[in-house]
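If you count the sequence shown from 1, position 191 lands on 190 in numbering that gives the first Met the number 0, and the numbers rise without skipping.
What the hints contain is simulated information worked out from the structure, not anything from laboratory work.
Just so it is clear, CB atoms sit at the ideal spot from N, CA and C, and this is done for glycine as well.
One thing to keep in mind: the hints can contain errors.
Below, a list of computed lysine to any residue pairs in the SDA-like style, where the Cα atoms sit at most 25 angstroms apart [as the list claims (entries may be wrong)]: (1) K220 / A107; (2) K93 / L110; (3) K31 / P149; (4) K93 / N42; (5) K220 / I198; (6) K114 / R124.
Derived Cβ-Cβ restraints for the label pairs, each shown as a range [said to hold, decoys possible]: (7) P58 / P149: 16 to 24 angstroms; (8) I198 / L1: 39 to 47 angstroms; (9) M0 / A117: 36 to 44 angstroms; (10) A56 / I182: 38 to 46 angstroms.
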Amino acid sequence: MLQGFKDAFPVMLGFIPFGFVLGAQAASQHMKVWQVPFMTGVNFAGGSEFAAVGLWASPPPLLLIAMATLLINCRHILMSAALTPYLKGISLPKSLLVLFFMCDECWALALNHIKQNALRQLNLRYYFCMALSLYSTWIISTAVGAWLGPVLGDIKQYGFDMAFVAVFLVLLKGMWAGFRAAIAWLVSLLVAALSYKFIDGAWYVLLGTISGLMVAWWLEKHK
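Kindly produce the complete structure, drawing on both the sequences and the hints.
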């Protein structure tokens, strides 16, 4: 159980400054302080939360925000499909809780733990300790960011927006399995970057995810 917290701790450190950034941006969009932890608690997915804050207005365009959130979070369908085989034998309520807390980092840490320990089923004690550590850190840091936002101003000037990039680089290092396996990552990165540059909206998230999964499937089939 403590291993879940140990694995989550470096990611928690990355969550804190990024949560400050999101909270401060939300405050600059005139969101109330209580609305920020409510949003980040109900929708535990940083990318779509930044999109929602960017679209926030008075009155807020709820349909547009909902569609943008759905588009960005659609990758979770593919992520949950990769995790589902390890939920066999786990009750439906517990499985739904697992999927509720499944942000990108929780998903990566869970699969890495399964791989390193050759598990056939997700260790729930490990997962929930890890996931709740990240979840609570994210909610608290976004709330503090919203509270202190008017005082701090634009905290991107301190380089805090680089925190998530650093977190993902650490996660990728832990999942490294050789250059051949990393081809899928490179294809996903290239497709996402090109889509971001030439296609309006958040399609780059879905296209990058699908292209990476297709390459990973092809490499596995022709191993």
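How the hints compare with the structure:
As the CA atoms of K220 and A107 are separated by approximately 22 angstroms, the hinted pair is consistent with the 25 angstroms bound. In summary, the hint linking K93 to L110 is supported, as the alpha carbons are separated by about 17 angstroms, within the 25 angstroms threshold. With a C-alpha separation of about 12 angstroms, the suggested pair K31 and P149 falls inside the 25 angstroms cut-off, and the hint holds. The straight-line distance between the Cα atoms of K93 and N42 is roughly 18 angstroms, inside the 25 angstroms bound, and the hint therefore holds.
Taking the CA atoms of K220 and I198, the gap is about 31 angstroms. The hint is violated against a cut of 25 angstroms. A distance of roughly 16 angstroms separates the Cα atoms of K114 and R124; the hinted pair therefore holds under the 25 angstroms criterion. The given range of 16 to 24 angstroms is respected by P58 and P149, whose C-beta atoms sit roughly 22 angstroms from each other. Judged by the Cβ atoms, the range 39 to 47 angstroms given for I198 and L1 holds: they are separated by roughly 44 angstroms.
Checked against the hint of 36 to 44 angstroms, the pair M0 and A117 fails, with Cβ atoms roughly 19 angstroms apart. In this structure the supplied range 38 to 46 angstroms holds for A56 paired with I182, their Cβ-Cβ distance being about 42 angstroms.
In summary, the structure is inconsistent with hints 5, 9 from the numbered list given earlier, while agreeing with the others.
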